[in-house]
Amino acid sequence: MKRQHIDKGVHSGFFLIALFSITALFLIMVFLFIESIPVFDHITIKEFIFGKYWYPTDDPADFGILALITGSVCVTLLSGMIAIPLGIMTAVYLAEIAPPKVAQIVKPVVELMASMPSVVIGFFAIVVVAPFIQKVFNIPVGLNMFNASLMLAFMAIPTICSISEDAVFCVPSALKEASFALGATHFETIIKVIIPAALSGICTAVILGLSRAIGETMVVLMAAGGAAMIPGSIFDPVRPLPATIAAEMAEAAFGSEHYHALFAIGLVLFGFTFIFNLVADYISYKFRQTGEASL
Amino acid sequence: MIKKRLMFQKLSFSMIKAAAWINGAALAIMVYYIVSRGWRAISWEFLTQVPRDSMTAGGIFPCIVGTLALCSVTLFVALPVGVASAIYLNEYATRGKLVRLIRLGINNLAGVPSIVFGLFGLAFFCIVLKMGVSVASGGLTLGIMTLPVIIGATEEALKAVPDTFREASLAMGATKWQTIRKVVLPAAFPGILTGSILGISRAAGETAPIMYTGAVFFTPNLPSSLFDEVMALPYHIYVLATAGTQIEITRPLQYGTALVLIGLVFGMNLTAIILRAKMRKKLRI
Amino acid sequence: MERHIKMYTENLDFFYGNSQALHDISIDFDENRVTALIGPSGCGKSTYLRCLNRMNDLIPNIKVKGRAMLDKKDIYDPSLDVVTLRRRVGMVFQKPNPFPKSIFENIAYGLKVNGVKDKAEITRIVEKSLKQAAIWDEVKDRLNESALGLSGGQQQRLCIARALAVAPEVLLMDEPASALDPIATQKIEELIAELSSRLTIIIVTHNMQQAARVSDRTAFFYLGKLIELNDTDTLFTKPELKQTEDYITGRFG
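Chains as they are written, first to last, in the working numbering: chain Y, 26 to 320; chain F, 472 to 756; chain P, 646 to 898.
Keep in mind that the hints were calculated from the coordinates and are not lab data. Hints should not be assumed to be uniformly reliable.
[Stated by the list, open to error] Label-pair ranges, simulated between beta-carbon atoms:
| no. | chain 1 | residue 1 | chain 2 | residue 2 | range |
| --- | --- | --- | --- | --- | --- |
| 1 | P | Asp-722 | F | Thr-635 | 40 to 50 Å |
| 2 | F | Thr-635 | P | Asp-673 | 50 to 60 Å |
| 3 | Y | Val-127 | P | Ser-686 | 38 to 48 Å |
| 4 | Y | Leu-207 | P | Asp-673 | 35 to 45 Å |
| 5 | Y | Gly-38 | P | Asp-719 | 43 to 53 Å |
| 6 | Y | Lys-33 | F | Leu-518 | 50 to 60 Å |
| 7 | P | Lys-762 | Y | Ser-37 | 20 to 30 Å |
| 8 | Y | Ile-259 | F | Asn-692 | 38 to 48 Å |
| 9 | F | Pro-723 | Y | Asp-83 | 49 to 59 Å |
| 10 | P | Lys-762 | F | Leu-569 | 32 to 42 Å |
| 11 | Y | Leu-207 | P | Asp-876 | 54 to 64 Å |
| 12 | Y | Gly-208 | P | Asp-782 | 27 to 37 Å |
| 13 | Y | Gln-129 | P | Asp-673 | 36 to 46 Å |
[As the list claims (entries may be wrong)] From the derived model, a few chain Y residues whose C-beta atoms are all more than 10 Å from chain P:
| no. | residue |
| --- | --- |
| 14 | Gln-29 |
| 15 | Ile-164 |
| 16 | Ala-252 |
| 17 | Ala-278 |
[Claimed, not checked] Under 10 Å between C-beta atoms, here's a sample of chain Y residues computed to sit facing chain P:
| no. | residue |
| --- | --- |
| 18 | Lys-27 |
| 19 | Arg-28 |
| 20 | Asp-32 |
Everything numeric in this text was worked out from a predicted model, so none of it was measured. We treat Cβ as the ideally placed atom computed from N, Cα and C, and that holds for glycine.
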């Protein structure tokens, strides 16, 4: 009977290890909370979120992150405007239009885009994109919201593309054939049958892509210009949430108010992505393709 | 008019095709700049020497070693935990509330911003566990970040193993664990390998999680234990490109370091992509 | 002649979630005889077969009622070890499913997991099993090559050899020839006849000629119920029920 006992032990062992991920997530939340709480001895949550001034090293210091939130939201939306159409169109191209041989080349390209280290993208933004923008638009600085959004779009496209492609690919071919049999062209079938059928997957893709963009650190740290103010145009420099944490953690003394404020920013950022992920998870769980008739 | 509809289709398809090629062009331009300017900086000395003259000359050897050390710790943590989690989710418990909760946790962990991992690593590994800024802290932080990638890839590999293999093994009186160990895992091994390479390549390129947990601005020493701080390729690029007064002078070094980093990361990715393509071909026969 | 009943089920019901797939099935299986289960697709014959080595346990949300006995012991008794049960009740599947290992390793697998360590013993049993499955002459020179290089018919005989290696007392066969060509099918049928002298065989088939050729007794299933159980000769020549007659003469199914 010995190996049957081993089997039971192994089962329990795997179960315990499987709990590791959720424990880690839980610990992350706990530590963000613990390290954030002290800052709220000094200011209220409302002042923190809606305060317009972020002067963490002044005396007395200001810890209002509205400008930082605005910066994050603006770069994310602008990058979304670029990445969403490009990502979805690439997905449709790969799943529906491209000849298999071409798709075999384009897919690895998308994967390599995804694997490009963010610091290299940030570096590219500084040395190539910034001077280019400066010249073309005739503006004083090339490190701004527009530059950062372009770079973030580059990072979000692979996420949007690969998840959308899965969704488009999983649309049952019976639906497609039915549309063809009624005399629709391939393009009409894509727009009126395939994309609606894949819509929940595409939504998940977009949410996860934007979630990746809002949480991305190095690109916005290096390319966005770093001014903690509410932007007036897309060529203004901004300072998104992750960039603030990354840039200031080195100078914030351990245990200081500033240190705790940066953790509080981390908590806000975590909140954003957590909600994005829950929504994405909900959509993909609720609208699972369960049959050909689940439109 | 069918002709008009087909014309419209042709036009739309060209647009979609153009969109796909824009991505390729963006990647190509980026790689072109870094390769064309970086390769001049690359030399044997660059790869094997320590930085000199306040990092305006010399090489990046400590960064390469540091990144490899961080990746080793990452793999050491993420691979066993990731594979075991995936085995549990795919072989033992495929449904139920708890499983759904675990999956939700993994999905959310995958979405946590990299800088938040950095904050967590700083607060937990460096301070609470008193490991300080070290290879261990940085590697563990990266390990948790890489976990969802490895779980996902392993699950995919396990799903690709036909159920009839499992049934045949069980029907001969093998236990579940024997079946997993001797039939399922060997068949899934190439897929797990591919996923691990992808996970590690991602960890190798990350900066934010290690900025305050493992990597430092400058240290001439190579790590001699897990609790030493290290230099790392991605952080080195960031430091050279943004901090200090010599930004313009060290441009070639920045390009060179960036080239080494993408060489490392793309090398791993291409290996994984090729491995996977070969595997798929094999499965089809 | 006195009958030895190796295995039987009594009033066996089977549920997938809330839908009942098997209703009140009672069959007894004679030792060292071949029993065929026939019926149209979806009639529950495969589900029933998989109840006999508890292979259905792998599916979530199932429920079994009634009794299934092997040598007068209930195989659904909680104290019974399912791993041992499956060693005693072997199975051959619809599609040949050799492991992606060498021919030798495929056969040796069952021995190794069941704790046989002696190399000479393993080699001896591998050869014996391959001979029993009438495939030894075709593979003896390539034992270390991948089993995936064999033809479909050879793979299926290899799978039978693999099942025989752990010396089962009962062998369940789930449409073992349905994926094979007529010549390979004939070989499998000859093999079944050969094996039935020392093994209790229960075979599911949708091919009535095959049932008539290989089996001693035949059970006809329809819509999850056992319609008729009889000696094969009787069932195919003088069925007791109209429904059975309609099916075997091809009027439905």
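Tested hints:
1. The hinted window of 40 to 50 Å between P:Asp-722 and F:Thr-635 is violated, with their beta carbons roughly 28 Å apart.
2. Checked against the given bound of 50 to 60 Å, the beta carbons of F:Thr-635 and P:Asp-673, roughly 29 Å apart, lie outside it.
3. The beta-carbon spacing between Y:Val-127 and P:Ser-686, approximately 42 Å, falls within the hinted interval of 38 to 48 Å.
4. Here the CB-CB span from Y:Leu-207 to P:Asp-673 is close to 57 Å, at odds with the stated 35 to 45 Å.
5. At roughly 31 Å, the beta carbons of Y:Gly-38 and P:Asp-719 sit outside the given window of 43 to 53 Å.
6. In this structure the supplied range 50 to 60 Å holds for Y:Lys-33 paired with F:Leu-518, their Cβ-Cβ distance being about 52 Å.
7. A hinted range of 20 to 30 Å holds for the C-beta pair P:Lys-762 and Y:Ser-37, which are about 27 Å apart.
8. Between Y:Ile-259 and F:Asn-692 the beta carbon distance is about 45 Å. The supplied range of 38 to 48 Å therefore holds.
9. With their beta carbons about 39 Å apart, F:Pro-723 and Y:Asp-83 fall outside the hinted range of 49 to 59 Å.
10. The beta-carbon spacing between P:Lys-762 and F:Leu-569, approximately 38 Å, falls within the hinted interval of 32 to 42 Å.
11. For the pair Y:Leu-207 and P:Asp-876, the supplied restraint of 54 to 64 Å holds, since their beta-carbon distance comes to about 56 Å.
12. Between Y:Gly-208 and P:Asp-782 the CB atoms are about 60 Å apart, so this pair departs from the stated range of 27 to 37 Å.
13. Take Y:Gln-129 and P:Asp-673: their Cβ atoms lie about 58 Å apart, and the range 36 to 46 Å is violated.
14. Residue placement check: Y:Gln-29 does not keep its beta carbon more than 10 Å from all beta carbons of chain P (closest about 6 Å).
15. Every CB of chain P lies more than 10 Å from the CB of Y:Ile-164, the least distance being 61 Å, so the non-interface label holds.
16. Non-interface call for Y:Ala-252 relative to chain P: holds, since the shortest CB-CB distance, roughly 56 Å, exceeds 10 Å.
17. No Cβ of chain P comes within 10 Å of the Cβ of Y:Ala-278; the nearest lies about 55 Å off, and the non-interface call holds.
18. Proximity of Y:Lys-27 to chain P holds as hinted, the smallest CB-CB distance being about 9 Å (cut-off 10 Å).
19. For Y:Arg-28, the interface hint holds, since its Cβ comes within 10 Å of a Cβ in chain P; the closest pair sits about 7 Å apart.
20. Hint on Y:Asp-32 holds. Least Cβ distance to chain P is approximately 8 Å, under the 10 Å limit.
Violated hints for the displayed structure, listed by number in ascending order: 1, 2, 4, 5, 9, 12, 13, 14.
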